[in-house]
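A.B. asks: Single-letter residue listing:
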Amino acid sequence: MTRETMLATIRAATRDAVAIPNPQAYETHGEHAPGSEAVIDLLIDRLIDYKALVRRVPAADLVHEVSQALSPVQSVVIADGLPAELAAACAEGGRRVAVDGSPTVLTADDLDKIDAVVSGARVAIALTGTIILDGGADQGRRALSLVPDRHLVILHAAQIVETVPEGLALLNPTAPLTMISGPSATSDIELQRVEGVHGPRTLEVIIVDQI
Amino acid sequence: MSTYLGIPTRRHHDHPESPLRGSQTFPDAARTAVANPQLRRNLANATATIRAKRSMVVGELPDWEALRDSGSAIKSDVMARLPELLLQLEANVIARGGIVHWAADAAEANRIVTELIKATGADEVVKVKSMATQEIGLNEYLEEQGIAAFETDLAELIVQLGHDKPSHILVPAIHRNRSEVREIFLREMPDVPADLTDEPRVLAMAARAHLRRKFLTARVAVSGANFAIADTGTLVVVESEGNGRMCLTLPQTLITVMGIEKLLPTFADLEVFLQLLPRSSTGERMNPYTSLWTGVTPGDGPQEFHLVLLDNGRTNALADEMGRAALHCIRCSACLNVCPVYERAGGHAYGSVYPGPIGAILTPQLTGMDGHDDVNSTLPYASTLCGACFDACPVKIDIPTMLVELRGRAVDNDRGAPRPDGWAAAMKTMSWVMSDGKRFAAAEHGLKLGRLLAWRRGRITRLPFPLSAWTSSRDLPQPPEQTFRNWWKKNRGAGESE
Amino acid sequence: MRIAVVATCLADALYPDVVIATVRLLERLGHQVVFPAEQTCCGQMHINTGYLKEAVPVVRHHVEVFADADFDVAVAPSGSCVGSVRHQHAMVARRVGDEALAVRAEALAARTYELSELLVDVLGVTDVGAYFPHRVTYHPTCHSLRMLRVGEKPLQLLRAVQGIDLVELPSSDSCCGFGGTFALKNSEVSTAMLADKMSSVLATKAEVCSAGDSSCLMHIGGGLSRLRTGVRTVHLAQILAATKESAIVQA
Numbered sequence: 001m002t003r004e005t006m007l008a009t010i011r012a013a014t015r016d017a018v019a020i021p022n023p024q025a026y027e028t029h030g031e032h033a034p035g036s037e038a039v040i041d042l043l044i045d046r047l048i049d050y051k052a053l054v055r056r057v058p059a060a061d062l063v064h065e066v067s068q069a070l071s072p073v074q075s076v077v078i079a080d081g082l083p084a085e086l087a088a089a090c091a092e093g094g095r096r097v098a099v100d101g102s103p104t105v106l107t108a109d110d111l112d113k114i115d116a117v118v119s120g121a122r123v124a125i126a127l128t129g130t131i132i133l134d135g136g137a138d139q140g141r142r143a144l145s146l147v148p149d150r151h152l153v154i155l156h157a158a159q160i161v162e163t164v165p166e167g168l169a170l171l172n173p174t175a176p177l178t179m180i181s182g183p184s185a186t187s188d189i190e191l192q193r194v195e196g197v198h199g200p201r202t203l204e205v206i207i208v209d210q211i
Numbered sequence: 001m002s003t004y005l006g007i008p009t010r011r012h013h014d015h016p017e018s019p020l021r022g023s024q025t026f027p028d029a030a031r032t033a034v035a036n037p038q039l040r041r042n043l044a045n046a047t048a049t050i051r052a053k054r055s056m057v058v059g060e061l062p063d064w065e066a067l068r069d070s071g072s073a074i075k076s077d078v079m080a081r082l083p084e085l086l087l088q089l090e091a092n093v094i095a096r097g098g099i100v101h102w103a104a105d106a107a108e109a110n111r112i113v114t115e116l117i118k119a120t121g122a123d124e125v126v127k128v129k130s131m132a133t134q135e136i137g138l139n140e141y142l143e144e145q146g147i148a149a150f151e152t153d154l155a156e157l158i159v160q161l162g163h164d165k166p167s168h169i170l171v172p173a174i175h176r177n178r179s180e181v182r183e184i185f186l187r188e189m190p191d192v193p194a195d196l197t198d199e200p201r202v203l204a205m206a207a208r209a210h211l212r213r214k215f216l217t218a219r220v221a222v223s224g225a226n227f228a229i230a231d232t233g234t235l236v237v238v239e240s241e242g243n244g245r246m247c248l249t250l251p252q253t254l255i256t257v258m259g260i261e262k263l264l265p266t267f268a269d270l271e272v273f274l275q276l277l278p279r280s281s282t283g284e285r286m287n288p289y290t291s292l293w294t295g296v297t298p299g300d301g302p303q304e305f306h307l308v309l310l311d312n313g314r315t316n317a318l319a320d321e322m323g324r325a326a327l328h329c330i331r332c333s334a335c336l337n338v339c340p341v342y343e344r345a346g347g348h349a350y351g352s353v354y355p356g357p358i359g360a361i362l363t364p365q366l367t368g369m370d371g372h373d374d375v376n377s378t379l380p381y382a383s384t385l386c387g388a389c390f391d392a393c394p395v396k397i398d399i400p401t402m403l404v405e406l407r408g409r410a411v412d413n414d415r416g417a418p419r420p421d422g423w424a425a426a427m428k429t430m431s432w433v434m435s436d437g438k439r440f441a442a443a444e445h446g447l448k449l450g451r452l453l454a455w456r457r458g459r460i461t462r463l464p465f466p467l468s469a470w471t472s473s474r475d476l477p478q479p480p481e482q483t484f485r486n487w488w489k490k491n492r493g494a495g496e497s498e
Numbered sequence: 001m002r003i004a005v006v007a008t009c010l011a012d013a014l015y016p017d018v019v020i021a022t023v024r025l026l027e028r029l030g031h032q033v034v035f036p037a038e039q040t041c042c043g044q045m046h047i048n049t050g051y052l053k054e055a056v057p058v059v060r061h062h063v064e065v066f067a068d069a070d071f072d073v074a075v076a077p078s079g080s081c082v083g084s085v086r087h088q089h090a091m092v093a094r095r096v097g098d099e100a101l102a103v104r105a106e107a108l109a110a111r112t113y114e115l116s117e118l119l120v121d122v123l124g125v126t127d128v129g130a131y132f133p134h135r136v137t138y139h140p141t142c143h144s145l146r147m148l149r150v151g152e153k154p155l156q157l158l159r160a161v162q163g164i165d166l167v168e169l170p171s172s173d174s175c176c177g178f179g180g181t182f183a184l185k186n187s188e189v190s191t192a193m194l195a196d197k198m199s200s201v202l203a204t205k206a207e208v209c210s211a212g213d214s215s216c217l218m219h220i221g222g223g224l225s226r227l228r229t230g231v232r233t234v235h236l237a238q239i240l241a242a243t244k245e246s247a248i249v250q251a
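So the sequence lines, in the order shown, correspond to chains H, X and W.
Using our numbering, read the first sequence as starting at 1 and increasing by one per residue.
Using our numbering, read the second sequence as starting at 1 and increasing by one per residue.
Using our numbering, read the third sequence as starting at 1 and increasing by one per residue.
Next up, chain H with everything else stripped away, as it sits in the complex (with noise of 0.2 Å):
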């Protein structure tokens, strides 16, 4: 059986292996704690950087601002576990609003017809403008972030975290994890970057903070 033969083969070939040490020396946190102003402003920093769209909301003006971003589409998609108040955003303006299995489950082509989708995140990391998404049920299925052309994110401040080993330590490995850093590029034809190519061409973010 090739699994036994190969296993041997490899123990037989890494019999005398011994690791080198590992310092870890490295920077395991930011200097700012998460959720603070240096932070926020180094992700929003990042987030126009790769020409996302950001807004910075107080809560109480959340609502609206949804509806505000969503005023170019008239489809969205959410997930059945997005805020209720976010999901009556959604709907303002007359807005067609499918909530992924309530009562069914959307088919590719089905988001394929929607504009936008609008989600929340796990957690968002500023030194590097990356936001995680982990199949929550304020965010769905992974389809439903990828397919519509436009997504947008909603941020609580208190989810920003400085650094890459902050972030991930906060993740669970075994869902499925998403790591949004810009809008999909490619730098293939004479290294010119072209942003938007599959994936969401439109990424906005609205980071609420605790006012």
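Do not rely on the hints blindly, as some may be mistaken.
To be verified - So, partial list: chain W residues that the calculated Cβ filter (under 8 Å) puts toward chain X:
#1 C9
#2 V19
#3 F35
#4 I47
#5 T49
#6 R146
#7 M147
#8 G151
#9 L184
#10 S187
#11 G223
#12 S225
Because the hints were derived from the structure by calculation, they are not lab data.
Just so it is clear, CB atoms sit at the ideal spot from N, CA and C, and this is done for glycine as well.
Keeping the supplied structure of chain H fixed, place chains X and W upon it in accordance with the hints.
C.D. replies: Quick look at chains X and W alone, frame taken from chain H:
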């Protein structure tokens, strides 16, 4: 039959061209590449651009060297514990509903993947860029079996539609300029508008439209993986375009082919590698999309997941105390982008899907070097040993030292029946001369002849083969009237100064 | 100090002025220079071409010649030779199982320096009292740059030279393309790299291109000569040895 001066040489069986072996020696292939102005320009631009970006984002991290140290240590730990880590990975993937297969070589991997695809009833698959699947020639094999494999990375798509081969690990179509890409699309994409321009944005959008149909209807996807986490069973794919997310999420069945060395022991190890990889490869703080999945998540993504663990020569390198470190490679391509030889010869000259500095140490270990007739024996020599690759490697693979060691192996392989080109004889003679002061001094007398060659010009402009390789583009100085040791004897006497 | 000079096979045979300059410079600085006359070569040509077994007698000879000599430190006007001594000799010995030779090689390596290392780190001097009124650009050879990591030392020494017009070389950390036998085995790529190095040199409008390795200078100089650029190569040692009283003689 090959003979040289009537003396029969040892006959090696011809190596058929394969993804890991070209049909020309590196010097021969490089000669053609160096003379190609477009290739030279594309490569010079591409590598300079990525070098600058990498420099900038690496410079931002005060703990970059500490990350490299950890990256190197973690990978050495992976090799040291590979059997137990592979078993741990397998158990965790299975526990979450995935199925694990073991493939000793390319043929076996191709068979396994084909059977898995056929079992779904599909006759086409979408593919995320995977060096491992290139290495085994999967697409060609599937085609022979009546299964169409559609590359979905823009560069791989360009290469596939252009009936070509990738020339760089990260930007495989770097040897193509925009007008060539446009021509390829016009020729090979049925749904493309006739007024397609050659603007990169327009071309990328044409690819988007072309592929979107495929993404939304594909039932089976084949991918590689950047990392597999042993203690959770999680697989990681790092990408930029979104085709990875499409292939990893929408189809019903996902088949991932991965080299056995691509493991990390724990999920937390990603905190090192997700910093090292994007900054080293595309020169970004983070690449646009990274997907992580473990087995099967009910109701989300593929409901059937297969992981194919590939050896295909990796255990050769693994068994080699000196060569093992080549398996630490995370395929970032930083070494390609800083290599002055790669910059001028391009990827095709190496004849392998793994070109550049890492290719020069990995390819010969995966395939072995079968004597001087094996073109892969020339790969360890495709370097000036400048060391730029070692400095750039995020996991600190000591490529220059390994190149010298592999050169030693290539020479040792040949003992008894070396290539009859004079090198072995010359080296033996020089060794004899240079291991004794008097012999060396006597040999220096021969240099006086060189003064005749330089007579009247004051420089030597032409020398016979093989030194003509020097004088074809460079002069040599006229040998001096006296050597240093003769000057010392005359001016300083018996070995000391005042 | 009592300083043994490692002439290097190349400089001994083809560029004796480089070694003579090294001797004169160190004597001017007040040191005693010795030349173990049986020395030949560090063996890097064999090592880097893969003839590791054939390198052993050459390495052994080097170690024995210097082990038998009486000196404090050894110096070579060559980053690549010192690189080989420091990073390859013990490896070559161990590869054939000669631990005793490896240990002796390591001991010798511990007191063998490249010229700029010797001057700045060991002798503690950056102004050697040199005079060289020419426009000069400096190429940091790969062994000095990446293997020995001499850093700014050569430039510190050159900046202190009276009358010098020192111009920074663009893309200085790009390899010149010599690479030992690479220059012959892969002469096309070697020449392509040389072309870019020469282009950088010419952009500085320097009269002189300097470096700490005669091998790279042979390659760069060979190209500059072939193209009749009118630019010459002068080793770092020769510049540092030049004074008002005795201007350097072109090697």
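A.B. asks: Give me the numbers of the hints this structure contradicts, sorted from smallest to largest.
C.D. replies: Of the numbered hints, just 8 does not hold.
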